[in-house]
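Undergrad: Residue strings, one per chain:
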Amino acid sequence: MRLELDGEMIERARKLAKEVTDEVQKFIGLRSTDSVERTVARLFGIDGVNSEGAPLPNVVVDDVKAGGGLKRGISYWIANGCVAKNLDPQKLAEAVGRKEFSLVKLPPQNEDLVAEKMDELTAKAIEKIESVRDKRDKMLEELGDPKKPYIYVIVATGNIYEDVIQARAAVREGADIIAVIRSTAQSLLDFIPYGLTTEGYGGTYATQANFKIMREALDDIAPKVGRYVRLTNYASGLCMPEISAIAALEGLDMLLNDSMYGILFRNINMMRTFVDQYTSRLICAFSHITINTGEDNYIKTSDPIERAHTVTTSQLINEQFALKAGMDPKYMGIGHAFEIDPDVENGFLYEISHALLTRTLFPYATPKYMPPTRYMTGNIFKGYAQNTLYNLVSIMTDQSIHLLGMLTEAIHTPLVQDRYLAISNAKYVFNNAASLGSEIELKKDGFIQREAQKVLENAVSLLEHVKEVGLMTAIEEGTFADISRRMDEGKGADGVFVKSEDYSNPFIEEIERVLGVGR
Amino acid sequence: MIHNIDLEHLRPYGDQLNDGVIQLSFTLPVPQGAKAREAAKKLIESMGFSDVQIVHSEDIGEDFTFFVIYAKTTGYVNYKEIKTLEVEVPKMGMEEINEKVFKYLKRQIVVVGATIGSDAHTVGLDSILNMKGYHGDSGLERYKAFKVYNLGSQIPPVELVRKAEEYKADVILVSQIVTQRDIHIKQLTELADILDAEKLRDKVLLIVGGPRITHELAVELGYDAGFGAGTMPSEVASYIVEKMVKIS
Chain A
708 MRLELDGEMI ERARKLAKEV TDEVQKFIGL RSTDSVERTV ARLFGIDGVN
758 SEGAPLPNVV VDDVKAGGGL KRGISYWIAN GCVAKNLDPQ KLAEAVGRKE
808 FSLVKLPPQN EDLVAEKMDE LTAKAIEKIE SVRDKRDKML EELGDPKKPY
858 IYVIVATGNI YEDVIQARAA VREGADIIAV IRSTAQSLLD FIPYGLTTEG
908 YGGTYATQAN FKIMREALDD IAPKVGRYVR LTNYASGLCM PEISAIAALE
958 GLDMLLNDSM YGILFRNINM MRTFVDQYTS RLICAFSHIT INTGEDNYIK
1008 TSDPIERAHT VTTSQLINEQ FALKAGMDPK YMGIGHAFEI DPDVENGFLY
1058 EISHALLTRT LFPYATPKYM PPTRYMTGNI FKGYAQNTLY NLVSIMTDQS
1108 IHLLGMLTEA IHTPLVQDRY LAISNAKYVF NNAASLGSEI ELKKDGFIQR
1158 EAQKVLENAV SLLEHVKEVG LMTAIEEGTF ADISRRMDEG KGADGVFVKS
1208 EDYSNPFIEE IERVLGVGR
Chain B
378 MIHNIDLEHL RPYGDQLNDG VIQLSFTLPV PQGAKAREAA KKLIESMGFS
428 DVQIVHSEDI GEDFTFFVIY AKTTGYVNYK EIKTLEVEVP KMGMEEINEK
478 VFKYLKRQIV VVGATIGSDA HTVGLDSILN MKGYHGDSGL ERYKAFKVYN
528 LGSQIPPVEL VRKAEEYKAD VILVSQIVTQ RDIHIKQLTE LADILDAEKL
578 RDKVLLIVGG PRITHELAVE LGYDAGFGAG TMPSEVASYI VEKMVKIS
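Those protein sequence lines, which keep their order, are chains A and B.
The first sequence begins at 708 in the working numbering and counts up one residue at a time.
The second sequence begins at 378 in the working numbering and counts up one residue at a time.
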């Protein structure tokens, strides 16, 4: 099944998206954020909490910020402190946590020694995430990559141990990817909670300890089922790069990571999000973590047919931002969703057209397809039927990451049998219609061809407009998801700063160098 | 209604009057087998069912067994004695609503809506408020009679109250969709308490909607009205106008 799209128009769309993001990247390059600095602190080995329960990465960054030194970058202050006190970063942070001293009050040490220290800490950090990455890659090769579309299910009990039980059951039933939903509103916390957790609402807190527990559980079951099992969590939010760092340290395979989601749907400050997503994606690109972009959200609030081109536009923007972070397209889980009103005549054809457009525009990516949510009702029997059609579109249009629809969507978090029913539905459809897509030729100038071409044309017009006014103004105008956000508003705005001339961040510089991006 | 129903002994209709047939599906955390099936049967019987037919039982991994069961309930209800609390709304059209508001109130009605606390789902809220509405029934934004502020999801009750004050809200509309361990009750109570404490409760019409909301529950929690699944925007609009006009 092939779409006959206008090749020049595709090129034009990419070029526009690149130009749009080039402009934003100029702003990004000049800035850093509290969260970026905490990310470095974590990768330099700082973890744990002080006696008041505040995470030490926050403690050291806040200490330097309060002392007016953050513009120089946390790397310098940690290195200077380590040299001055002859401590490792963790011991240093613990002492700051006990309020024994402030990092900015320590006398400046010999520059060469401090530079040497920064290089040493950077090398160690890189070595650590490299070794985790290489272990994952090796395990993937040994156990074997499951067939696509990967079956992606969610666990969300609030209790990491309960999550493990449900995740293991799901893997036994055929799940290829386990996503642990975060406790609701965690994306708005300006810190990562510490330690394992057994209480959460609508999900389980994303913490490094919880990542480790689930990773171990999945690695334990993977050889028993004879295939690699991927683990997913959520990076979007105020701690986007920090979550990426702990995900890299614990060997997660995927992160929900969108360049604009936080701005639009969580009212996080624009600049904060743009700067954070860049560092976050550098880490993902380096660690071979697949990002999942969040375009499904756009058509949860605005009309999925009329506004289909906003999905395409955002996909192209997300792709460009990911390329700027040196990401190999195979780690780009470009998002889209099956959200058309089931009462629309030929809704299924629209879905095929839109899903195939995503597949065609991003041939080297691993598209992430999302199930119906908006028109799911308490009629679970109808919901099951809607999910069947969704599964059919996915296999026909060759999607890569397939998040399963749950029949109790919009009622409560999935019961253990909901997951089982969803997996058996998907397996049934994927097997029964395995070669359907390659057997069909689309009618020339037919409904599906015309619709896809129209969406692409509309996306190009929209990109032309966005290019003209700039992405930030376009967001202010409410271009995406009919939501308008002003440049200066939003959460976390006070955590963005312009780097000073003597700013240093050798960790980021090094991975930029390896990935061949940046300065 | 069909003939010959004994409404004092109302029972489910499967394929014959009064057969009492009910479908059940659930999971037991024990390995699949004869023992699990017997356990499921006994469990269902302990709930007042007879003629238990286990039509499906399957190992769904990690020693969980999934069941689909048909059984006949021995229970019944006296339909004649049942009393429910429902929002009584004279259903009006958009034109009628707009006219009524400008005739009697001579201004727009300010509606502030949000999902509160931990709930991230805005589907319900959006279908009542957004221009587009739900199934061809326009949302409140489309009415000239309403000025709508849709605050979106996960708004803490305190902030919702602050915004309601700022916008001089006549109506606060909250939606609660996905909940776990009855957290929605806690959050809804918190909102009502804050309004009370701030002495604002009498100044606003407080409405809640969601699939697990009934009018009865809403009233019990101190709300003016509760709307369940399938509520159309025009029903909410009619209710608001009816109440507001009455108050003025």
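Bear in mind the hints are in silico, worked out from the structure with no lab data behind them.
For clarity, every value in this text was computed on a predicted model and none was experimentally measured.
Treat the hints with caution; some may be incorrect.
Below, a list of computed lysine-lysine pairs in the DSS-like style, where the Cα atoms sit at most 30 Å apart [as the list claims (entries may be wrong)]:
| hint | chain 1 | residue 1 | chain 2 | residue 2 |
| --- | --- | --- | --- | --- |
| 1 | B | K623 | A | K1198 |
| 2 | B | K480 | B | K623 |
| 3 | A | K1134 | B | K540 |
| 4 | A | K772 | A | K798 |
| 5 | A | K1174 | A | K1161 |
| 6 | A | K1198 | B | K483 |
| 7 | A | K1037 | A | K1089 |
| 8 | B | K449 | A | K1007 |
| 9 | A | K1007 | B | K563 |
| 10 | B | K524 | A | K1198 |
| 11 | A | K931 | B | K545 |
| 12 | A | K1089 | B | K449 |
| 13 | B | K524 | A | K1007 |
| 14 | B | K545 | B | K483 |
| 15 | B | K412 | A | K1161 |
| 16 | A | K812 | A | K772 |
| 17 | B | K468 | B | K419 |
| 18 | A | K1198 | A | K855 |
Undergrad: Taking the hints in turn, state whether each one holds.
TA: These are the hints, each one checked on the structure:
no.: 1; hint: B/K623 x A/K1198; result: 41 Å, violated
no.: 2; hint: B/K480 x B/K623; result: 13 Å, holds
no.: 3; hint: A/K1134 x B/K540; result: 48 Å, violated
no.: 4; hint: A/K772 x A/K798; result: 20 Å, holds
no.: 5; hint: A/K1174 x A/K1161; result: 20 Å, holds
no.: 6; hint: A/K1198 x B/K483; result: 38 Å, violated
no.: 7; hint: A/K1037 x A/K1089; result: 35 Å, violated
no.: 8; hint: B/K449 x A/K1007; result: 41 Å, violated
no.: 9; hint: A/K1007 x B/K563; result: 27 Å, holds
no.: 10; hint: B/K524 x A/K1198; result: 26 Å, holds
no.: 11; hint: A/K931 x B/K545; result: 61 Å, violated
no.: 12; hint: A/K1089 x B/K449; result: 24 Å, holds
no.: 13; hint: B/K524 x A/K1007; result: 23 Å, holds
no.: 14; hint: B/K545 x B/K483; result: 16 Å, holds
no.: 15; hint: B/K412 x A/K1161; result: 59 Å, violated
no.: 16; hint: A/K812 x A/K772; result: 12 Å, holds
no.: 17; hint: B/K468 x B/K419; result: 48 Å, violated
no.: 18; hint: A/K1198 x A/K855; result: 38 Å, violated
Violation of the numbered hints given earlier is confined to hints 1, 3, 6, 7, 8, 11, 15, 17 and 18; the remaining hints are satisfied by the structure.
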